[in-house]
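Going down the list, the protein sequences come from chains Y and V. So the first sequence is numbered by this note's numbering: it starts at 1161 and just counts up by one. So the second sequence is numbered by this note's numbering: it starts at 56 and just counts up by one.
Do not take every clue at face value.
Below, computed lysine-lysine pairings styled on BS3-like, alpha-carbon distance capped at 30 angstroms [as the list claims (entries may be wrong)]:
#, chain 1, residue 1, chain 2, residue 2
1, Y, Lys-1284, Y, Lys-1344
2, Y, Lys-1564, Y, Lys-1601
3, Y, Lys-1486, Y, Lys-1458
4, V, Lys-258, Y, Lys-1506
5, V, Lys-288, V, Lys-258
6, Y, Lys-1458, Y, Lys-1479
7, V, Lys-512, Y, Lys-1372
8, Y, Lys-1372, V, Lys-519
9, V, Lys-288, V, Lys-241
10, V, Lys-284, V, Lys-258
11, V, Lys-519, Y, Lys-1506
12, V, Lys-241, V, Lys-512
In short, the hints are calculated from the structure, not lab data.
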Amino acid sequence: MQFALLVSVFVIASCGLIYELVAGALSSYLLGDSITQFSTVIGTYLFAMGVGSWLSRHIHVRIAERFIIIEIMVGLLGGFSAAILFLCFAFAGEPFRIILYFLVSLIGILVGIEIPLVMRLLEKDLKLSELVSSVLSVDYLGALLVSVLFPLLLAPHLGFVRTSLLFGIFNIAVALWAVHLFKKTIVHHGRYRALGFFALLLLLAGFIGAEKLMRFSELKMYGDDIVYTQSTPYQRIVLTRWRDDFRLYLNGNLQFSSRDEYRYHESLVHPALATLPHARDVLVLGGGDGMAVRELLKYSHIERITLVDLDPQMTEMFKSDSVLSKLNNLSLQSPKVTVVNADALKWMEAQAQSYDAIVVDFPDPTNYALGKLYSVTFYQILRRHLRPQGLAVVQTTSPLYAPKSYWMVNNTARAAGFNTTGYHALVPTFGEWGFMLLSEKAYQQPTQIPVPTRFLNAAILPTLFVFPQDMQSDIQEINRLDNQALVRVFEQEWGAALR
Amino acid sequence: MGSGAAVIKGITRRDFLIGSSGALLLGCSEQAPRLPSGLLLGPDHSIGHKLRDGQFPVATREIHTPILIAGAGIAGLNCGWWLQRNGITDFQLLELELVAGGNTRSGQNAVSAFPWGAHYLPLPGTDAHYVRMLLADLGALQGDINALAPTYDERLLVQAPDERLFINGAWQEGLIPRVGIGASAKREIQQFEALMNEWGERKGADGRYVFTIPSAMGSADPAFLVLDKITFKDWLQQQNLRSDVLHWYVSYSLRDDFGAGQDRVSAWAGLHYFCCRRGQAANAESNSVLTSPQGNGWIVERLSKILQPQLKTGHTLVRIDAQFNSVSADVYDSATQEVIRIICEQLVWAAPLFVLPRVWPAMPHIIPPDYAPWLVANLTVNNIEEHEFTAWDSVIYQGQGLGYVDSTHQTLQFHRPQRVLTYYHTLSNLAPREARQQLLASSHETWTTQIFADLRKAHPHLEKQCSAIDLWRWPHAMAIPVPGFRSSLLSRQQTLHPRIQVAHSDLSGVSLFEEAQYWGVKAAQKIIAT
Ligand SMILES: Cc1cc2nc3c(=O)[nH]c(=O)nc-3n(C[C@H](O)[C@H](O)[C@H](O)COP(=O)(O)OP(=O)(O)OC[C@H]3O[C@@H](n4cnc5c(N)ncnc54)[C@H](O)[C@@H]3O)c2cc1C
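In isolation and in its complexed conformation, chain Y is listed as follows (with noise of 0.2 angstroms):
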């Protein structure tokens, strides 16, 4: 009896810093700011182990049934609180930190709870100074073999959410084992192990249905209706809409919102098209969705359009599908289009043809693939491309929260040979955006924008070139393919950006 209570003590020890290390994680992972989540969570955490004892003490008679419900409700509370956790975060966002803070507490105080009662439970056999020498040594030396297997083993191979179903298993073994032990004490004891399998029951569902569950928490985290949602080899492609927005999110991340795209669009295309008035032959890289394209179309004089994105199911999507090839007016259908699907660097390396126009809309450099194609060997390879009259413009992320990286990309592209003009623009889903004009001779801004557009006009044109104090940078570097220096820069300035 006394060897099994204080095998229950360092499975229930193991138990409660399980829960504590994988909310502190949790958080950490999702709000970011390790520091702060960790010390907040231990904090709560032990401060409501605290309450717990506290409040044990107002536990008098049937302890070991109440020892029993406890260890079911940890378990159940703690087993399921990553996966809660997750849901919220998913569904709700901020009430998040509130829940967080609430199970918190609620695991702490249960488990604060279980110590002393079995420590009673055990009274009746040990010396007092026995009895809280070996309790204790056991709850730390529970609390040492999870400290050293949860980041070593547990979080790499079974996740957050697995493993805290896993130990809330654990948290129901000991109960049944406790029901087993006290049968002869607890009245309706067959009730108990009933409830106790129940629990274990669902925890083991959680356990086998984890993936099941995640994958709803993702679609649910974009928050409106999900109208379109397709996984290619390339990318995970979803629609939402809400009243009359739509949101593309390719793996996640926002590309644009139906009501604000165009700002966004024209900024992209006309600063540079406007004063190509001869312009015959475009380039686009990337832009699948069309949208360039559309604004592209605007200029009569332009005979030929070729666009090159990596997803022939993304370029399909945004050409036939009704909903989808209405919001980019029916552009991948005209014949002036072709459409390559090809991996944009590769492709460029491989052929000759050179454009008036060359519009570069890849995502931001967030991984060292994306890097390459900000690099100077990229730059180079666009100048064989670009006709000597010619300009090429790429959008180059956020010059207000990603100085640097955009002032980067400018030396970069200098490097290259280019000439370059900067400009931003404001794009309210976005943010304050940036662009980047490329060419041989120096750049002349327009004096008109000589097709119709909702954003832009010769008035506000200038405004877009100045940039305020706290969109420069005097950065030096250059993104080579050997250092990979934009990568590193852009992801501390938007880390910085997005806490």
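Once you've looked at the hints, dock chain V with the ligand against the given chain Y.
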């Protein structure tokens, strides 16, 4: 790739996580492995055996050529390059295998080109003059070849991130252990780095660097020969450097270059490894290297093209008879299975030294090196997540093997869901003979199981992602510079016969591109001088 613009446009931290949350929150489940199949390859051993046993038919006809080079590895190819560069085109370059390259050969499958051997060339310093000339000829080095820091073709400079180490359950940047190691290990690593910097600056009485590459350009000062009397391990211990972490790092480095660790390698060679490089680039960090999907194979391909008129693959030199005014060389043609006698004025032996006595029974005695056997595996891996495989070279701390390079790393392709990982393993835990036996006796399955066991720590799912493993066994991969090797070099570098030159990295006792190339050029220069 995608449409619209930025991945991060208008993002909240919440959005940011959607794409990546699954793995961390769910972890990964393990499943019973299914071993992928593949090829079990190696140098042509039927010819190797025949060479050892001398079972070749007699020559059926005789032809004449002024210069004959046997072996189209780095040394032989560069010998030919230098001759051509100096206007000499009347020579033949023979290669036993069906392709040139020797230890620098490479392969290609549907996913990528990949190395079977040498995978990188560090930036050459000014002592590696011929390497710079070659790179300039190949268009890889631009501008002044004598500049301290010339400009290199950005496509060949290794892309970032270049190296990473899996230690204490996570990847760190760079191969020197830094994360989660004790204070004393940290201190010793610092001491070691300081010592190596100091030795890197050291010059002999003749004003030359003690350690440089090619090593023949280094100081001849005999004062440093004491370093060749002890192992590098003993030397480290003399410096009071005993940390396991440091010793692991040193062992990894030496096995990677010499096929044996500090317990076998001479202190001179150990110091040479850490102190010989001073190359810089105007457009890269000074510790950068030149590489391509096929490793150093790009150089072999380019040189093979230049030397196409002279290169004869599938031709093995099987017998040498050296006379006063000519050399008679019997050459076995694998395609026709006949032997031709080639009478030449000059013969360059650009093949490993241990083979030479088998084809030239009358040769003066020289001491050949010990050779370390190696295994190279090319793993075709699918469904790769970008963030999983970021670096060019990935090493596992205290791993069995030497880690792997991602052969697709140097491509400009954005989307690389399939990769070829080139895994290196030196059988340094056994004596060379036994190791060679083990290398050849073990089955494809045995090796595959061992490779996955080694990589599992860092890549628990690799077995499921891997669709093929092709293996190349190198029984005599490279010379091991054991203590005393510097003194045996004298016998190897002597002139064996006025009409026979030896050109091979074995002459340096360390198997590196710069060394092989140096001896190839030197042999050509001697021929030009006669
Ligand atoms: C797995 C591995 C990885 C390596 N990695 C690197 C690296 O990253 N960087 C580096 O600098 N070095 C590396 N090396 C060292 C490499 O050995 C040298 O770079 C270089 O390739 C040696 O060239 P070599 O010409 O001296 O010799 P070899 O490559 O041995 O060339 C000799 C040639 O002679 C041929 N031959 C043999 N006998 C005959 C005959 N009788 N007739 C005709 N031809 C014959 C052989 O087939 C072979 O092609 C590596 C070696 C191995 C094995």
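Evaluation of the provided hints:
1. About 16 angstroms separates the Cα atoms of Lys-1284 of chain Y and Lys-1344 of chain Y, which keeps this hinted pair within 30 angstroms; it holds.
2. For a cut-off of 30 angstroms, the pair hint linking Lys-1564 of chain Y to Lys-1601 of chain Y stands: about 25 angstroms separates their Cα positions.
3. Between the alpha carbons of Lys-1486 of chain Y and Lys-1458 of chain Y the distance comes to roughly 16 angstroms, so the proposed pair stays at or under 30 angstroms and holds.
4. Simply put, Lys-258 of chain V and Lys-1506 of chain Y have alpha-carbon atoms about 47 angstroms apart, too far for the 30 angstroms limit, and the pair is violated.
5. Among the hinted pairs, Lys-288 of chain V with Lys-258 of chain V is consistent with the structure: their alpha-carbon atoms are about 23 angstroms apart, no more than 30 angstroms.
6. Taken as a hint, the Lys-1458 of chain Y and Lys-1479 of chain Y pair is honoured in the structure, with Cα atoms around 18 angstroms apart against an allowance of 30 angstroms.
7. Between Lys-512 of chain V and Lys-1372 of chain Y, the direct Cα distance comes to roughly 27 angstroms. Compliance with the 30 angstroms bound is thereby established for this hinted pair.
8. Of the supplied pair hints, the one linking Lys-1372 of chain Y and Lys-519 of chain V holds, its CA atoms being roughly 21 angstroms apart against a limit of 30 angstroms.
9. Between Lys-288 of chain V and Lys-241 of chain V, the direct Cα distance comes to roughly 19 angstroms. Compliance with the 30 angstroms bound is thereby established for this hinted pair.
10. About 20 angstroms separates the Cα atoms of Lys-284 of chain V and Lys-258 of chain V, which keeps this hinted pair within 30 angstroms; it holds.
11. At roughly 29 angstroms between alpha-carbon atoms, Lys-519 of chain V and Lys-1506 of chain Y fall within 30 angstroms of each other, so this suggested pair holds.
12. Our distance criterion of 30 angstroms between C-alpha atoms is met by Lys-241 of chain V and Lys-512 of chain V, whose separation comes to about 24 angstroms.
Of the numbered hints stated above, the single one contradicted by the structure is hint 4.
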